[in-house]
Amino acid sequence: MNELHELHVEGLTKSYGAGEPVLRGLGLTVPAGALAAVLGPSGCGKTTLLRIVAGFLRADAGTVRVGDRVLTGPGTHLPPERRSVGIVPQEGALFPHLSVARNVAFGLTGVDRAERRRRTEDMLDLVGLAGYGDRMPHELSGGQQQRVALARALAPRPRLVLLDEPFNALDSALRAGVRADVRAALRATGATAVLVTHDQQEALSTADVVAVVRDGRVVQCATPQDLYRHPADPWVAGFVGDAVLLPAAVHADGTARTALGSVPLAAPSDGPRTGTVLLRPEQLRLTGPGTTGAVRGTVTDVRFYGHDAMVTVSVDGHGDPVGIRVAGPLSVRPGEETGIRVVGEGSLHP
Amino acid sequence: MHTPPESESPEFGTSGSASAESASRPAGASAPAGRERVSTPGGGGGRGPRLFRTAAGRKSCTAGEPAGRRPPLVLVIPACAAAVLALLPLGYLAVRALERGPGYAWEIVADERTLQLLGRSLGLTAAVVAACLVLGVSLAWLTVRTALPGARAWSVLATLPLAVPSYVAAFAWLSAEPGLAGFGGAALALTLVSFPYVQLPVAAALRGIDPAQEEAARSLGYGPLRTFLRVTLPQLRPAAAGGALLVALYVLSDFGAVSLMRYDTFTRAIHTSYRASFDRTPAAALSVVLVVMTVALVAAEARTRGRAGHTRTGTGTARPAVPLPLGRWRPLALLWCGAVAAVAVAFPLGTLGYWLAAGTSATWDLGGLADTAWATLGVAAAGAALTTALALPVGVIAARHRGRGARLLEQASYAGHALPGITVALSLVFFAVRYAYPLYQQLPLLVGAYAVLFLPVAVAATRAAVLQAPPALEDVARSLGRRPWQVLREVTVPLAAPGVAAGAALTFVVCMKELPATLLLRPTGMDTLATRLWTETGAGSFAAAAPYAAALILLAAVPSYLLGRHRT
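Residue numbers (my numbering), protein chains in the order written: chain H, 244 to 593; chain E, 58 to 625.
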């Protein structure tokens, strides 16, 4: 088990040439030993963040600290080779001229041969590729290459591991398995890790903490559950999952009046009396059209995904159709009348 | 795509060094194109799909950063040395031409004789370009688009003349008919060695045109001929223009064919003036005029290539065109292809064979031949080694670093591309006589001239080889604790090694065939196969010249063959 180190990023700014800044005072703290996901749309600055933390780019301002070591700060810029920050690039980037074992051992300098061999074997074992040491990278599948890349990054016991959209190149059937293996390997070594991704499912399902980045700033950093349930604003809500957004007026009893009826609020609002209420599609239930307490609507579209289905319903008195996630057997067809009932609480956004 | 440079480069051969280089650069690597490359990060117009992927994979974030990672000093210092060496001749040429005052230089340039030379050079260029366009476009169309029997074999055969140095072609024709000397002979020899420069890009462009366009024209009532003229030909124009400019460069900088054919163009006049007179200013001034002309052509060529690249991108054909049946034209088409193959390939080889057979062991100096061959291999190896060593840092910087400094270095190393061999040699002679007399007529000066002339070949090869290795590998190596020079040694160089070696082999071949610089700079008493062939042919002793021509072709064929195997 490694000594654990916290990653602390503060006030990071960066612009390229005279263009718009890519990072605008980005701050982020990843607890020691945690796996954090940095989630954002392309162009939000997440790759720039990763490259600054790794030392490939210089920040214009701000600090990057791992444990009590300042890697980047005013007047400080440690070169990448002195940071002890491992990276797992997109598509693995294994050295094609070296065998798997020599790839993994690449960062193990200054240790004797026996220790090197042992550590290499341990790492390959950790990622489930024991016995693959003599293969060349091109003889491995994409998922195997990605796991070797992780073993290579972990071998020198870095203080921090950065994963740059490492599952992008894998096809979706393979992705979930490799993701789980990577998570397990990171857990086993206890390394603090940052996973950069634009895939919200990947972020929510893999990470302990998710930082959502927009326009060069972290807009919210929370556990996956908190992030999904209590997004900081409607944009985050829509980015991390399907959202039903309803204009609402708050009543004296603390509930919000919306097109889907009155919705209890998670946090009683004593501020604004009007705003937008956020619900998730799985908080809506289909009922018979005449059920009391239900709002009437017309089914406009049904998309079946296997494990569940998304039913789109246009509600009288509300402009945009709302999405309803239905698990289990489906009994509605487009054009049919239906009722909608809200389950649980919504959150209010100004 | 099948550009001539990448796939056919082994066979260049020639005194016209500038054209050889320009053709052996990969399409995206031209110096002027560097500017566009930087301004469109990730755009990668005209480059291979692999490069495009790496560029896109790194996100535009890393692309345009001017203050990004500076190239390490281990690279910068030798790269600057290479750039200085490459620019030295050009700079010194200007100094030398103006030494006796701009008025004197202008007198020479504005002299009636100079204007006459200009007319002759341009006339020869125009004639050769026109003939090459006719030969190149017709052969490309016949082999790519029609049901010509043996089309593949004909198209391979049509690229073979690139392996024949212009002075070998001149030797073949002169030895058969000494009366050919003059404009006609020079034009004939040059046309027959350089038409593939047009044929190859035009054939590639033809393969890239979507046949659906021609089908649409036919369905709209156009006959085959009108379709070709109105739909196909306009799209071939960029490729044909690019090829024509390469031919023009080749002709302007050629020394071997024009000197053997005793037709006075700039290169021959420079040589004569240098040899005949103690006043070196006329040679320098004429060289400057020649350099200005070739630089203009290089710039023009780079521009058309940029545009041609755009028309080519994204026009991948879904299916091959249905070959046009030739009908009653078939015998004529076959006759045309056969005639070109006969005069461009069979004739030089046949003549060579004839003279080899006609020579007796008495006229053959086997010991001399072996010595000359050995000396040729030696200087070519030294030239290839120095050129590759100088090209390595420049190529790595050009592939990995952006920004003004990196661009300047790369462009400086391409100076040799614009310089005819004779002018490089002359400027090095001037320089050595003035500042480094011990080097004058010594081997290092000749090897240095090879480096200046062929640096573009080696830089382009190195750059392309380094680009094949994803930059992410270097990032990973850094993150695993390697310093920049260790990354270079352990990752970049091993990955680029096969491409760099191919570049070295190609440089070796072009060094071996180089004529004008070798003539001027070789140490007293040393001969290469090329100079010996030139001397014997010039003296009319064709049977004595033949063994040298055969040895040259055989020796050059070995690395060319290895290169061909490497590429496929």
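Keep in mind that the hints were calculated from the coordinates and are not lab data.
Predicted model, so just to flag it, every value in this text is computed and none were measured.
We treat Cβ as the ideally placed atom computed from N, Cα and C, and that holds for glycine.
Please note: incorrect hints may appear among the correct ones.
As the list claims (entries may be wrong) - Estimated spans, in silico, between C-beta atoms of each pair:
#1 Leu172(E) / Pro339(H): 37 to 47 angstroms
#2 Asp377(H) / Gly148(E): 53 to 63 angstroms
#3 Pro284(H) / Gln270(E): 55 to 65 angstroms
To be verified - One side only, chain E facing chain H, incomplete, derived with CB under 10 angstroms:
#4 Arg209
#5 Val213
#6 Ala526
#7 Pro527
#8 Leu530
#9 Asp532
#10 Ser536
#11 Ala554
#12 Gly556
#13 Ala558
#14 Ala614
#15 Val615
Unchecked claim - Derived contacts from chain H toward chain E, CB cut-off under 8 angstroms, selection only:
#16 Leu321
#17 Pro323
#18 Pro332
#19 Phe338
#20 Pro339
#21 Ser342
#22 Gly350
#23 Leu383
#24 Tyr548
List of violated hint numbers, smallest to largest: Numbers 1, 3, 4, 5, 12, 13, 14, 15, 16, 21, 23, 24 - these are the hints that the structure violates, sorted from lowest upward.
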